[in-house]
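Go by the hints and put chain B onto chain A.
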Amino acid sequence: EAGVAQSPRYKIIEKRQSVAFWCNPISGHATLYWYQQILGQGPKLLIQFQNNGVVDDSQLPKDRFSAERLKGVDSTLKIQPAKLEDSAVYLCASSLGTGAGYEQYFGPGTRLTVT
Amino acid sequence: GQNIDQPTEMTATEGAIVQINCTYQTSGFNGLFWYQQHAGEAPTFLSYNVLDGLEEKGRFSSFLSRSKGYSYLLLKELQMKDSASYLCAVRYGNKLVFGAGTILRVKS
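Those protein sequence lines, which keep their order, are chains A and B. Throughout the first sequence, residue numbering follows our numbering, covering 1 to 115 in sequence. Throughout the second sequence, residue numbering follows our numbering, covering 1001 to 1108 in sequence.
There may be inaccurate statements among the hints.
[Unchecked claim] Once the Cα atoms are required to be at most 20 Å apart in a straight line, the calculated SDA-like pairs of lysine to any residue come out as: (1) A:71 - A:95; (2) B:1095 - A:58; (3) A:44 - A:2; (4) A:44 - B:1074; (5) A:44 - B:1107; (6) A:44 - B:1102; (7) B:1107 - B:1067.
Worth flagging that the hints you see were computed from the coordinates, not collected in a lab.
Just chain B, same shape as in the assembly:
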């Protein structure tokens, strides 16, 4: 199968840094996306990685290691509005397979 594993829930404090990990099966890998989904809303695109290394976009960064089947999303200077579910999605061929999401709770 094409299992994508990420922690179910995480809690962090406003202003802090949090890292959300994602592991996936490497066979057929063709790119990795991170999406943010607020409760009751549609997923919105955060980042895309296809080569190894770190992609930085403002307060959000995403890292990929293709050989290890591993990615993480790094959120800096956490804000209350960052409380949401973060979905790791891997493209296998032309198909995007989503993990179950990590619910991030930001507390003051």
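Bound conformation, chain A alone:
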């Protein structure tokens, strides 16, 4: 089965510019996650969707970050305007559900560099 797809793989922008990332989860996976992984740290959950509804966005900096999952499949994450500290890898993951034992499958990530 195809894995989680993300694009672009790499992005370099200047501070105060905007950027968008795209994610296509594994077919049939109802739950989709966006994580931010700063170099040397573990992934930090930004937002979690169940179908097209938001389950948890408590750690999403809502003044500059936004995400949507229209039609409960693909998702986009946007940063506007970007700051230097947003430089990180943005990982998308999906799972069949939100139950305790559901394994999350990660995409290859988008490496963002803000200069």
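Frame of chain A; chain B shown alone:
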């Protein structure tokens, strides 16, 4: 907070056994995952523990003690390809919280 602690780095020799420890806050615990992450790649699932005891899967085993807030990942017969970061992740409710990862270096 929901701090998850694991050693920053470990070094071991090819063919040896290594144990990577993880401690976490027990309140709200709802399962523990171990992931492997090679440099520049996405995390991949290794194991899942929700009950006390040892789960074995080939060369990899994971142990959990819920009362102590403690888990370890055991890697046997180390191979060079096992050089990677190992992430301990704890589920609190429906949310997965990751530790910073342990970088394992396998030397020949």
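Checklist entry - Taken at face value, is the distance from the CA of residue 2 of chain A to the CA of residue 44 of chain A at most 20 Å? => result Outside the cut-off at roughly 24 Å; violated.
Checklist entry - Is it true that the CA of residue 44 of chain A sits at most 20 Å from the CA of residue 1107 of chain B? => result violated, 30 Å
Next on the checklist: Can you confirm whether the C-alpha distance between residue 44 of chain A and residue 1102 of chain B stays at or below 20 Å?
Outcome noted: Holds, at about 16 Å.
Item to check | Restraint status (C-alpha distance of residue 1095 of chain B to residue 58 of chain A at most 20 Å) | outcome: Measuring from Cα to Cα gives roughly 11 Å; hence the hint holds.
Item to check | Agreement of residue 71 of chain A and residue 95 of chain A with the hint, judged by alpha carbon distance not exceeding 20 Å | outcome: Within the cut-off at roughly 17 Å; holds.
Item to check | Straight-line alpha-carbon gap residue 44 of chain A to residue 1074 of chain B, limit 20 Å | outcome: violated, 25 Å
Checklist entry - Is the Cα-Cα distance between residue 1107 of chain B and residue 1067 of chain B 20 Å or less? => result violated, 35 Å
Hints 3, 4, 5, 7 from the list above are not met by this structure, while the remaining hints are.
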